[in-house]
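From first to last, the protein sequence lines stand for chains L and E. Residues in the first sequence are numbered consecutively from 1, following my numbering. Residues in the second sequence are numbered consecutively from 1, following my numbering.
Be aware that a few hints might be false.
Repeated chains share a single entry, so a pair holds when one copy, or any two copies, can fit it.
Within a straight-line C-alpha distance of at most 20 Å, the following computed PhoX-like cross-link-like pairs (lysine-lysine) qualify [what the hints assert, rightly or not]:
1. K174 - K2
2. K174 - K3
3. K6 - K129
4. K3 - K217
5. K247 - K268
6. K35 - K292
7. K217 - K292
8. K6 - K174
9. K268 - K292
10. K267 - K35
11. K195 - K144
12. K174 - K144
13. K174 - K248
14. K292 - K69
15. K195 - K298
16. K297 - K35
None of these hints come from the bench; they were simulated from the model.
Number of protein chains: 2
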Amino acid sequence: MKKIGKQTIEFDNPPTISETACIVGPKEANGPLAKYFDQCLDDEFWGESTWEKAESKIIKETANLVISKSGIATSDIDYCFAGDLLNQCISSSFGLRDANIPYFGIFGACSTFVEGLSLASVLAESCAKNVLVATSSHFCSAEKQFRFPLELGNQRPPSSQWTVTGAGSAIVSKEGNGPFVTHITPGKIIDMGIKDGNSMGAAMAPAALDTLITHFKDTNRAPSYYDVIATGDLGYIGKEILTELAKKEGYNIEPNYDDCGVLIFDKKNQDTHSGGSGCACCGSVFSGYFFKQLRDKKIKKILLIATGALMNATSSQQGESIPGIAHAISIEL
Amino acid sequence: MKKIGKQTIEFDNPPTISETACIVGPKEANGPLAKYFDQCLDDEFWGESTWEKAESKIIKETANLVISKSGIATSDIDYCFAGDLLNQCISSSFGLRDANIPYFGIFGACSTFVEGLSLASVLAESCAKNVLVATSSHFCSAEKQFRFPLELGNQRPPSSQWTVTGAGSAIVSKEGNGPFVTHITPGKIIDMGIKDGNSMGAAMAPAALDTLITHFKDTNRAPSYYDVIATGDLGYIGKEILTELAKKEGYNIEPNYDDCGVLIFDKKNQDTHSGGSGCACCGSVFSGYFFKQLRDKKIKKILLIATGALMNATSSQQGESIPGIAHAISIEL
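Kindly generate the complete structure, drawing on both the sequences and the hints.
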């Protein structure tokens with residue numbers, strides 16, 4: 001592999017995404033993508049006593065599922081990358097503590113899935129046969145931790161997004177017949193001073209723009225090169241901002257651009273305001289929907305840009321703005 | 001690079017650790033390693049209004065310092081890896097948001113420094129010229145978040161450790177004259193069921209053992225191969241446990257083994273009970289002390305094993321045990 005342009009890595013022997021899996025919660029099961037998910041849960045607890053334990057179980061079972069679907073023996077999975085939104089990423093570390101696979105914990109907030117796929121691809125091209133990637137989020141644990149406990153019954157402002165309950169997981173392999181990871185463009189932290197924790201899409205859109213344009217410049221590609229350009233969880237507001245900002249920079253992404261947070265819920269009937277968010281938003285929509293579209297050759301080239309907001313509850317209380325980040329990965333047949 | 005044995009990566013063109021830097025707090029400045037640190041602070045706030053902001057400033061200035069000491073232009077640093085103990089790793093993301101370097105957030109609790117050095121080495125051998133690694137911790141922000149606010153004046157039990165206030169940072173480069181990163185052994189999550197959040201050394205020692213023995217087996221090396229074997233923050237209790245457990249497995253590490261948490265504070269006069277801990281424990285002791293020992297050729301081969309406890313306050317409240325992890329890196333002249 002080699003670095004090209006400002007910050008993109010081009011793979012000489014592009015690794016394959018061998019398999020993906022996703023498990024989602026009951027709200028996601030009522031959304032427009034339900035039929036693409038491997039498993040839909042009936043409730044937010046899945047038999048556990050707390051939301052945190054439920055989230056851990058979801059990522060654990062999703063990782064188990066991708067391994068069993070892939071037919072790859074666990075002993076042939078060399079390393080794994082995982083992370084989530086809970087403090088100290090406990091969903092991942094508790095969910096994968098019995099996996100018996102060397103473990104790299106990552107934290108990219110909702111950009112975690114693509115951060116994981118990126119680093120897994122680097123390891124797969126350079127020294128590993130198979131690398132596991134997993135991420136999760138949970139509406140109830142996220143609301144409790146970042147905003148208010150659900151029991152308070154707070155109203156959510158129209159700009160807020162709905163954290164996806166679920167997990168997405170993938171195995172990236174050195175050998176395989178694709179879909180191939182051809183490029184990654186790891187993003188810089190971009191902070192435009194937005195402080196509203198209920199307007200995440202607006203906070204993250206400038207980071208998505210920076211990574212998007214850097215990717216196009218580094219690879220000499222135009223938006224039209226891709227069948228789909230998909231951001232992770234900018235939601236309705238962030239999607240509009242990114243489309244507009246990109247146009248101002250001379251890139252028209254409108255014809256082939258969509259956002260996982262826009263796709264996963266029904267705007268009319270599901271009352272999620274500005275759409276979905278969370279690590280599992282990008283994780284489950286890619287693992288469930290886009291990966292199958294690639295497998296079925298309905299799309300052949302996708303640029304997946306997962307976006308993350310790198311604040312916490314304390315930083316917001318202390319008056320800080322919200323730093324955003326976006327990592328892009330180009331996946332092609 | 002290639003994978004050897006069960007989980008070790010051996011570098012064909014070992015990357016160089018070009019430079020390190022560390023800034024520590026006032027307690028560390030009164031410890032036995034004070035003269036090795038680049039900068040010692042007079043107080044825990046460093047002019048900031050909160051501990052979290054102070055910690056962010058420490059990691060920011062430490063990263064700036066390693067860059068200026070190295071003489072490498074920021075534009076020649078391709079990527080960075082950073083993480084810390086604060087919820088959602090805000091010390092790192094706020095500290096590095098102005099760095100203008102593509103950013104991979106990592107979370108390995110107190111194993112973060114070696115996790116970062118490991119992934120930076122992979123990127124340096126495969127595609128990057130220079131990669132920055134940074135990590136921080138802060139006694140006051142950690143106590144507030146993981147145990148009790150300092151204002152409560154709680155007593156600390158004898159098994160507890162003192163979170164190091166400070167940051168460690170390094171630049172890993174493709175080209176250079178060493179010290180070289182020759183091997184990394186990323187660790188698995190090991191959970192032996194210990195639930196006492198004031199006995200971290202005991203909780204992490206089994207993970208250190210697993211990685212240590214795997215490293216020896218994978219590389220066909222004996223403990224005596226290294227001038228120094230150093231764990232990150234097992235402290236007095238964990239150090240004793242690891243020494244004993246290793247002996248039972250047939251590895252006598254006693255002659256050349258030490259722990260950064262034991263080295264950084266004076267047991268008699270500094271009242272830290274079982275020693276130091278935190279991401280900055282391994283980060284600052286390596287960046288300040290061991291790196292200079294390597295540069296001065298006082299030691300030629302070190303195996304650095306950073307250990308992390310992957311729980312959070314909520315998981316402990318919910319009755320969960322503490323999953324441990326340990327990542328090892330072999331650094332040689």
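Against the structure, the hints:
With identical chains, the CA atoms of K174 and K2 are at most 20 Å apart both within one copy (16 Å) and between copies (13 Å). For the homomeric pair K174 and K3, the shortest alpha-carbon distances inside one copy (19 Å) and between copies (13 Å) are both at most 20 Å. In this homomeric assembly, K6 and K129 come within 20 Å of each other (Cα to Cα) only across copies, at 12 Å, whereas the closest approach inside a single copy is 28 Å. Taking identical chains as interchangeable, the C-alpha atoms of K3 and K217 lie at most 20 Å apart only when both belong to the same chain, with a minimum of 13 Å there against 34 Å between chains.
Taking the shortest Cα distances, K247 and K268 never come within 20 Å of each other, neither inside one copy (28 Å) nor across copies (65 Å). In this assembly of identical chains, K35 and K292 lie within 20 Å of each other by CA distance solely inside one copy; the values are 11 Å within and 59 Å between copies. For the homomeric pair K217 and K292, neither the shortest alpha-carbon distance inside one copy (29 Å) nor that between copies (41 Å) is at most 20 Å. Proximity of K6 and K174 under a CA criterion of 20 Å is satisfied inter-copy only: 17 Å between copies versus 25 Å inside one chain copy.
In the homo-oligomer, the alpha carbons of K268 and K292 never lie at most 20 Å apart, since the shortest distance is 26 Å inside one protomer and 63 Å across protomers. For a Cα distance limit of 20 Å, the shortest separation of K267 from K35 inside one copy, 18 Å, qualifies, whereas the shortest one across copies, 61 Å, does not. Proximity of K195 to K144 under the C-alpha cut-off of 20 Å is restricted to the intra-copy arrangement: shortest distance 19 Å within a copy versus 24 Å between copies. When the C-alpha separation of K174 and K144 is checked against a cutoff of 20 Å, the pair qualifies neither within a copy, at 40 Å, nor between copies, at 44 Å.
With identical chains, the CA atoms of K174 and K248 are never at most 20 Å apart, being 39 Å at best within one copy and 38 Å at best between copies. Taking the closest pair of Cα atoms, K292 and K69 come within 20 Å of each other only inside a single copy of the chain (13 Å); across copies the shortest separation is 49 Å, beyond that limit. Taking identical chains as interchangeable, the C-alpha atoms of K195 and K298 are never at most 20 Å apart, the minima being 40 Å within one chain and 50 Å between chains. With identical chains, the CA atoms of K297 and K35 are at most 20 Å apart within one copy only, with a shortest distance of 18 Å there and 62 Å across copies.
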